[in-house]
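A.B. asks: Spelled out, the chains give:
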Amino acid sequence: MADAAAPNSNKATVYHPLQSTQPVKVAASGVEVFYADQQALHGITANIHDRSVTAFIGPSGCGKSTFLRCINRMNDTIDTARVRGSIRIDDEEINDRGVDPVLLRARVGMVFQKPNPFPKSIYDNVAYGPRIHGLASSKDELDAVVETSLRKAGLWDEVADRLDQPGNSLSGGQQQRLVIARAIAVNPEVILMDEPCSALDPIATARIEELIDELRENYCLIIVTHSMAQAARVSQMTAFFHLGHLVEYGPTEEIFTNPRDRRTQDYITGRFG
Amino acid sequence: MTDAARPPIADAVRQRLARRHRAEGRFQAFGIGAIALALLFLAVLLGSIVLQAGGAFTNYTLTLPVTLERESADPRGDMSEESLRRGSYNGLIQQSLQNEFPVASSRTELRELFGLYSGLNAASVMRRVVAEPALVGTTIEVTLPVNHEIDLYLKGVTVEEVFVDGSGTLRPSGVEGEVTLVAATPAFAGAIDRIRDQAIAERDATLDRAARLESQAQSAASRDAREAALAAAARARQAAERFETIIDPETPVELGPRTASLLVRINGGVVAVSSLDPDASTAQGRVLLTLENADPSDAWTEWVIETPSANRRITDQQAVYARALESRGMVERRFNTNLFFNADSREPELAGVLGAFIGSVLTMLVTMLLAVPIGVGTAIYLEEFAPKNRLTGFIEVNINNLAAVPSIVFGLLGLAVFINTFGLPRSAPLVGGMVLALMTLPTVIISARAALRAVPPSIREAALGVGASRTQAVFQHVLPLAMPGILTGSIIGLAQALGETAPLLMIGMVAFVADAPSLGLSGLTQPSTVMPVQVFLWSGASERAFEMRTAAAILVLLSLMILFNAAAIVLRRRFERRW
Amino acid sequence: MNSPAQQGHHIVKAFSEELEQLSAAVATMGGLAESLISDAIDAIVTRDSDLALDVVERDKRIDALQRDIERQIIRLLALRQPLAWDLRVCIAALKITADLERIGDLAKNIARRTRALNEAEPLPLAKSVERMGRLVQGHLHEVLDAYVSGEVAGAVGVWERDDDVDEHYNALFRELLTCMAGDAQLIGPGTHLLFIAKNLERVGDHATNIAELVHYAVTGTELLAERPKGAFPDGPAS
Chain R
32 MADAAAPNSN KATVYHPLQS TQPVKVAASG VEVFYADQQA LHGITANIHD RSVTAFIGPS
92 GCGKSTFLRC INRMNDTIDT ARVRGSIRID DEEINDRGVD PVLLRARVGM VFQKPNPFPK
152 SIYDNVAYGP RIHGLASSKD ELDAVVETSL RKAGLWDEVA DRLDQPGNSL SGGQQQRLVI
212 ARAIAVNPEV ILMDEPCSAL DPIATARIEE LIDELRENYC LIIVTHSMAQ AARVSQMTAF
272 FHLGHLVEYG PTEEIFTNPR DRRTQDYITG RFG
Chain W
14 MTDAARPPIA DAVRQRLARR HRAEGRFQAF GIGAIALALL FLAVLLGSIV LQAGGAFTNY
74 TLTLPVTLER ESADPRGDMS EESLRRGSYN GLIQQSLQNE FPVASSRTEL RELFGLYSGL
134 NAASVMRRVV AEPALVGTTI EVTLPVNHEI DLYLKGVTVE EVFVDGSGTL RPSGVEGEVT
194 LVAATPAFAG AIDRIRDQAI AERDATLDRA ARLESQAQSA ASRDAREAAL AAAARARQAA
254 ERFETIIDPE TPVELGPRTA SLLVRINGGV VAVSSLDPDA STAQGRVLLT LENADPSDAW
314 TEWVIETPSA NRRITDQQAV YARALESRGM VERRFNTNLF FNADSREPEL AGVLGAFIGS
374 VLTMLVTMLL AVPIGVGTAI YLEEFAPKNR LTGFIEVNIN NLAAVPSIVF GLLGLAVFIN
434 TFGLPRSAPL VGGMVLALMT LPTVIISARA ALRAVPPSIR EAALGVGASR TQAVFQHVLP
494 LAMPGILTGS IIGLAQALGE TAPLLMIGMV AFVADAPSLG LSGLTQPSTV MPVQVFLWSG
554 ASERAFEMRT AAAILVLLSL MILFNAAAIV LRRRFERRW
Chain G
220 MNSPAQQGHH IVKAFSEELE QLSAAVATMG GLAESLISDA IDAIVTRDSD LALDVVERDK
280 RIDALQRDIE RQIIRLLALR QPLAWDLRVC IAALKITADL ERIGDLAKNI ARRTRALNEA
340 EPLPLAKSVE RMGRLVQGHL HEVLDAYVSG EVAGAVGVWE RDDDVDEHYN ALFRELLTCM
400 AGDAQLIGPG THLLFIAKNL ERVGDHATNI AELVHYAVTG TELLAERPKG AFPDGPAS
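Residue numbers (this note's numbering), protein chains in the order written: chain R, 32 to 304; chain W, 14 to 592; chain G, 220 to 457.
One chain only, chain R, in its complex shape (with noise of 0.2 Å):
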């Protein structure tokens, strides 16, 4: 029997030898989260590249949304989470305590599965992040933070007529790429996304794909999905999570073709696990 089927009843991770050659963004390292007493990341390990799409896959429950929301320390705002272990992101410490989640967050965009838009304009979702972090100091600046941020999401053309319209009225997969514009608004250097295509029609996720793809040259983009077929078409290295475990992390390309665990490849071919 080859390698590929072999049972694979150790926890460790098998890392791929790494083709990217992008410079590490994100570096974790033995990263732990407990929920009260319910353990749901085990040591977590892996390195991140800059301009290129990282996508998390898995089971659900498997953490890859938890081990998502340590890289901007959403964690925190659930009262039982503890975090526990690394994460650097361009060598600083972030679950240090001086390091300041707001601050953090400002650096780590998100976006969530559901489009949540705030029940404000198109204009001021844009412009919300902007606003707080103060990045614009006058009108004039702040129109053109929000014309380039809807450019890059590619909604411009499709709102520019109507941007004190409420966001909540765009289509689902408009509403998805005004997210996308208010993470870009704050200028972030890694941009988090959780199952952002689970609530759209096919070409909205299309679209959405391709704006994914066409951010990689400037951000480092991380996106959980539940769409093997996505993952493949948007991202350069996949993870694969089973059961708060890290099973395998490699160029997508190997991961899809010829993983190396049987549990990754039981679970890319849909077979029982």
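Treat each hint with caution, since some may be false.
[Unchecked claim] In silico EDC-like cross-links for lysine to aspartate or glutamate, where the CA-CA straight-line distance does not exceed 16 Å:
1) R:Lys151 / W:Glu589
2) R:Lys145 / W:Glu474
3) G:Lys314 / G:Glu289
4) W:Lys168 / W:Glu560
5) W:Lys401 / R:Asp107
6) W:Lys168 / W:Glu339
7) R:Lys183 / R:Glu248
8) W:Lys168 / W:Glu345
9) G:Lys417 / G:Glu386
10) W:Lys401 / R:Glu226
11) R:Lys145 / R:Glu248
12) R:Lys183 / R:Asp110
[Said to hold, decoys possible] Listed next, the stretches of chain G that the computed footprint assigns to chain R, with coverage defined by at least 3 CB atoms under 8 Å from CB atoms of chain R:
13) 230 to 240
14) 294 to 306
Keep in mind that the hints were calculated from the coordinates and are not lab data.
Don't be surprised by glycine CBs; every beta carbon is placed ideally from N, CA and C.
Once you have looked at the hints, place chains W and G on chain R.
C.D. replies: Below, chains W and G without anything else, positioned relative to chain R:
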């Protein structure tokens, strides 16, 4: 599943389907029935209140020309305010009224005449004069509400009366004092029949009562009770005796306090008949309103006041004065402004809800300013910031329990803490508002927390994800979305407080307060009452005129409530539409 | 190819069944191709023209099977979007059928030449051709066994022993040249025999191809890179 198995299942489903549809129909019918019943009750309630209150919105007013003679209005003669305030304005009004009926001179007549209005009205004349001293020496028109009993009489609420045109020629023996009215024909036959019929009915009713009392005496539990019943029965039989002389067709009909009154309008005057000859052609009586002349006249009217004078609060003389003034255009039915622009008064015709209304407004203001910010703040802290531990759990349980505490307990608390410990004034809107704020707090907190919890967490995450601090996320995103819910909850809580009486009883807001508190900061510590307490006070008052005023006050309170709820809906719409 | 028990069942049963059907069809096609080669060699040895004609006829069935399997694979790719193992199995099957189809064509060509050969005098070198044919047939058999069982070792063995076939061919080539140089009469049948040998050599190449594909399908890695070393690739997890 095999094909063979399908048809029986379809049949089974179809059979049950009919039953299920019936159950659904039944449920809907119950629902509609319940709503219809509720609507019916509401209609009955509102209808009865509106019907009762109807009379209170108008009243009869007396308009008099009052000459403000200098020596009465300005007893010291220096035109100072102090002097003007000491003026005998009631005397001036009395003088003016006496001018209308110059003949009235005996003490009884004058008492009856001056009983047409309340002496408290003099205060309003005084205020006018004090405000404009130049009026002294001139004649002014004074409009004052007539006494409530007169008002009720004119509205036809308390007294039954009929007017019948007399037939034949009637000749009065004089124009004043005791007179005899003589007719060639039995002109008074109709009146006698009427009075006798009434007397027979009264007698029979009295005898019935006596019989009932006697049977009660037989089955009475104790000896005392039996004797008391027997004595009452004996008194009733004695009373029935008195009707016999009236009923007897052979004796003259003597009219008294227990019979209807017969008044005769003739030659511009009125004669109160005291006795009628059995042949119905001659009547003895006393002139209540001076006749213009003693000529025989065939244009006369029988005026029968069927309610015996013992059973009514106005005398024949007062009825005559009131009707005379009405026919002279000096008594008119007008919109009752006193009801809305006066504070409470012992005289129903002067009593109004203004004091209670201002009291309610001030109290609600205090309640709102205390309960809403504190309640919403508490809710935000507990829901968004407080760690979930035993202490906050304990606080939560206690807040929920507080909502179920009887409101009078809050009144006791207010009495003990605010009045006895802190020494705040009694009966003041400030204390009332504080007590009601305590009572409303749990409602506000619970509804605000529910509203905050209903805001989707995605909004919170979105704000935090862009780098908003927790406070920014709550105040810029969560709170605006929760605002409609919070407002609705708060206003429902305030509306509840607006209708609350019990806790206010404890802090002395039931006092009779004749002056409306001023609508401002100083009003907060002035004694005052509130709308529901006013309703409560009036409902216990003995004067019949307060009955309709109670209903009217309830209507005012209801409109206030509707206004409150309308405000809630408007605010809700506003905030929901605000993007 | 690999039994489902080894890979685990798909959650969607129909997917597993379709993959099994595909493997079975490829195996059937392989069996058919092997029998064609075998019969073609028999026809040379026994100088049986009827058998040769039969081989030519049976090649049509191989073509039909190939078209059928291709359709199956396209359907699988479009509807099931196979990944990893499943993807490799499909791609390998697609390429293997192409190889098998070529093997069928080569067998047909051998059969045609056999009929031409039968009209001439028997050549002494037929024995060498038969030996070479049996060797190639053995390789094909082994590699198909490896495909069905998923045992990479067999496939790797065939792949490594492809040189034997080449050596056989080179020897036969020299012998035939010597023969034909000695007797001009033998040039016609000798040429036919030479082409038959060449065809058999190609069948061997296709078998090697199939061995590479089996290795790729099972392990996910390509054999080519390691061939010069002749080392045992990172195959079985021993």
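A.B. asks: Hint by hint, work out which the structure violates, then give me just those numbers in ascending order.
C.D. replies: Numbers 10, 11, 12 - these are the hints that the structure violates, sorted from lowest upward.
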